[in-house]
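Asker: The residues making up each chain are set out below.
Number of protein chains: 2
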Amino acid sequence: MLIALDAMGGDHAPAAIVAGALLARRELGIEIALVGLREVVEAELSRDGPVPAGIEVIHAAEAIAMDEHPAQAVRNKRDASINVAMGLVKRGVAGACVSAGNTGAVMASALLNLGRIQGIERPALGTIAPFTDTGVLVLDVGANADVKPNYLVQFAQMGAVYAERVMGVRNPRVALLNIGAEETKGSELMQDVFGRLGRAGVNFVGNIEGGDVHLGVADVVVTDGFTGNVAVKVTEGVADFIFRELRAAIYAKVQYKLAAAVLRPALMRMREKMDPGTYGGVPLLGVNGVVTIAHGNSDARAIRNALRFASDGASSGMLDAIRTFSARRG
Amino acid sequence: MLIALDAMGGDHAPAAIVAGALLARRELGIEIALVGLREVVEAELSRDGPVPAGIEVIHAAEAIAMDEHPAQAVRNKRDASINVAMGLVKRGVAGACVSAGNTGAVMASALLNLGRIQGIERPALGTIAPFTDTGVLVLDVGANADVKPNYLVQFAQMGAVYAERVMGVRNPRVALLNIGAEETKGSELMQDVFGRLGRAGVNFVGNIEGGDVHLGVADVVVTDGFTGNVAVKVTEGVADFIFRELRAAIYAKVQYKLAAAVLRPALMRMREKMDPGTYGGVPLLGVNGVVTIAHGNSDARAIRNALRFASDGASSGMLDAIRTFSARRG
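Protein chains in written order, with numbering that gives the first Met the number 0: chain A, 0 to 329; chain B, 0 to 329.
These are computed hints drawn from the structure, not numbers from a lab.
Where is the CB? At the ideal position from N, CA and C, for every residue including glycine.
Among the clues, some could well be false.
[Said to hold, decoys possible] Simulated crosslink set (DSS-like; lysine-lysine; CA at most 27 Å straight-line):
id, chain 1, residue 1, chain 2, residue 2
1, B, 76, A, 256
2, B, 184, B, 147
3, B, 76, B, 89
4, A, 252, B, 147
5, A, 252, B, 76
6, A, 272, B, 252
7, B, 256, A, 256
8, A, 272, B, 256
9, A, 272, B, 272
10, A, 184, B, 147
[As the list claims (entries may be wrong)] If you want a taste of the chain B side facing chain A, the calculated C-beta under 10 Å gives, among others:
id, residue
11, 214
12, 228
13, 238
14, 266
[Stated by the list, open to error] From chain B, some residues computed to sit far from chain A (all C-beta separations above 10 Å):
id, residue
15, 71
16, 117
17, 245
Using the sequences and the hints, build the whole thing.
Answerer: Given below as structure tokens:
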């Protein structure tokens with residue numbers, strides 16, 4: 000199955016994107032359509048020798064910068080690499096699309112080119128937190144700053160399908176991120192959502208507090224895009240802070256440095272586990288196509304992992320499962 | 000100055016509370032009124048020898064359990080230890096009140112007994128995140144799950160006063176927790192608040208994302224009580240997760256264990272820095288009195304630190320400064 004990869008999106012595009020494509024092709028055997036300015040992409044591709052079979056370049060005349068207004072740029076630049084990549088998915092040429100570009104632009108392009116799944120009111124951005132072996136899916140983490148109760152119900156349903164199909168969790172436990180365990184806790188919105196989730200056809204296990212997400216008591220954590228975005232970024236920030244402090248503490252004394260050298264493999268494994276690049280990407284759920292958004296600062300390894308992630312999503316049947324769920328409910 | 004300490008509130012009350020009072024008296028010279036069932040408190044107090052001068056016991060006939068309905072319990076049990084402690088502050092006998100009890104009950108008791116500062120619409124719960132030497136004050140972290148724009152403006156003003164008076168930060172930088180840097184980012188609420196903060200008489204430095212709070216680019220981070228609560232609990236949860244994983248990684252191999260023994264002092268310092276007990280308590284701002292709420296699971300050291308924290312708050316003049324700010328604005 001071919002995966003469309005936006006060669007022009009990301010802080011280190013196109014070099015890191017192309018390098019990631021080469022890694023994914025070599026190590027995972029994924030077939031890739033690199034979408035971008037042909038000359039630029041081909042120059043990158045042939046830097047280290049002949050282009051391997053299974054990677055093709057699809058020309059796109061324009062690119063969207065990280066700081067452009069997402070919706071406007073997507074509408075004004077119809078030949079932007081992200082639009083061309085989405086077009087490949089729309090036409091069934093590619094099974095999924097990966098981009099490390101401007102998140103708002105990727106979402107806008109997905110909505111414009113692929114549209115929403117019938118019955119889904121708003122797409123949601125998920126992220127997989129590395130707190131358990133299978134991971135904890137948190138959604139929405141930024142697509143919808145303002146929500147209505149029913150959006151969250153649909154996030155729960157899409158999240159449950161995703162956890163089952165792609166993450167391999169049977170009968171995934173779905174929890175609502177809230178500021179207390181009881182049904183009567185939290186904002187008016189969350190109290191309303193709590194009642195609805197009991198009737199949503201998912202394995203709803205109740206509220207979960209921010210301090211318990213890492214305990215693995217839920218597989219899917221449902222929240223609005225504002226809270227979810229803050230939670231995910233705080234997670235990254237705190238991990239960054241702790242590892243930075245740890246490094247400073249270690250370099251403070253010679254004997255620490257020696258001990259740290261021994262511990263280095265264990266510390267590196269920890270650091271890698273907490274690194275967003277390990278998963279490489281987050282799924283955009285609710286649009287008519289498999290879309291993976293990679294971190295803006297993705298390196299080659301992160302892009303490789305995002306391609307694997309997208310490929311798994313495309314072959315999982317999760318899109319049809321969400322469509323079925325949505326149709327049954329509607 | 001006398002500090003009223005709720006002897007009956009907290010997971011480890013009264014033993015840990017009384018032990019904390021003894022520590023604070025011995026090590027910091029703070030005068031303390033222990034409020035609770037006289038017999039019980041006196042038995043704890045005399046466990047290790049004679050009661051030192053500067054600690055007195057004030058009898059309160061009732062106590063509020065951690066799982067009681069906060070507002071109801073506070074109204075129905077007028078002789079509850081937390082109400083009696085607040086009464087001491089109200090009558091000017093004590094300069095501040097400390098409790099590790101049910102947070103909702105402490106807030107309800109403060110509102111009932113002390114009332115709000117004139118002009119302040121809602122009190123806010125602050126917490127001091129240990130990301131910088133002076134700390135980063137985040138508020139509200141749970142008093143108000145549903146907010147109006149003006150509440151957040153007042154949180155910013157109270158937070159700025161607190162940071163200046165108690166944390167010792169000159170001209171504190173105030174930021175709004177949001178999901179993007181630009182004025183046009185985030186929920187409708189936060190876009191509205193952004194505009195108001197520019198005219199709020201504080202040193203407003205703009206939006207801050209969840210991943211940047213630890214960078215020390217702001218001294219006061221303003222948010223609603225829902226988002227703030229999630230952010231603070233996620234911070235604790237992630238720290239807990241990383242230290243737990245670190246321990247597991249270290250115990251996986253003998254040579255790691257030896258290296259870790261050398262690193263232990265550095266690791267312990269890190270862990271302590273991230274421990275809520277290091278500050279020992281969070282301020283409730285906007286009520287007519289200095290109120291410090293300690294973590295429910297506080298040990299003696301956390302209570303000692305909360306008493307120091309409350310004592311600093313009481314002698315800082317921050318209450319009058321908030322009143323002045325509020326009156327000037329009103």
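Asker: State for each hint whether it applies.
Answerer: Evaluated hints:
Taking the CA atoms of residue 76 of chain B and residue 256 of chain A, the gap is about 57 Å. The hint is violated against a cut of 27 Å. For the proposed pair residue 184 of chain B and residue 147 of chain B, the alpha carbon gap of about 18 Å is at most 27 Å, so the pair holds. A distance of roughly 17 Å separates the Cα atoms of residue 76 of chain B and residue 89 of chain B; the hinted pair therefore holds under the 27 Å criterion. Among the hinted pairs, residue 252 of chain A with residue 147 of chain B is inconsistent with the structure: their alpha-carbon atoms are about 50 Å apart, more than 27 Å.
Annotation: proposed proximity of residue 252 of chain A to residue 76 of chain B is violated, straight-line Cα distance about 56 Å (limit 27 Å). This hinted pair checks out: residue 272 of chain A and residue 252 of chain B have alpha carbons roughly 19 Å apart, not beyond 27 Å. Of the supplied pair hints, the one linking residue 256 of chain B and residue 256 of chain A holds, its CA atoms being roughly 15 Å apart against a limit of 27 Å. Proposed proximity of residue 272 of chain A and residue 256 of chain B is supported: the alpha carbons are some 21 Å apart, at most 27 Å.
With a C-alpha separation of about 23 Å, the suggested pair residue 272 of chain A and residue 272 of chain B falls inside the 27 Å cut-off, and the hint holds. Between residue 184 of chain A and residue 147 of chain B the CA atoms are separated by roughly 19 Å; this keeps the pair inside 27 Å, and the hint holds. Given the 10 Å rule on beta carbons, the hint for residue 214 of chain B holds: about 8 Å separates it from the nearest Cβ of chain A. The closest approach between the C-beta of residue 228 of chain B and any C-beta of chain A is roughly 4 Å, which is under the 10 Å cut-off, so the hint is satisfied.
At its closest, the beta carbon of residue 238 of chain B sits 6 Å from a beta carbon of chain A; the interface hint therefore holds under the 10 Å criterion. About 7 Å separates the beta-carbon of residue 266 of chain B from the nearest beta-carbon of chain A, less than 10 Å, and the hint is met. For residue 71 of chain B, the requirement that its beta carbon stay farther than 10 Å from each beta carbon of chain A is met, with the minimum near 13 Å. For residue 117 of chain B, the non-interface assignment is confirmed: its Cβ lies about 27 Å from the closest Cβ of chain A, beyond the 10 Å cut-off.
Look at residue 245 of chain B: its CB is around 6 Å from the nearest CB on chain A, not clear of 10 Å, so calling it non-interface is violated.
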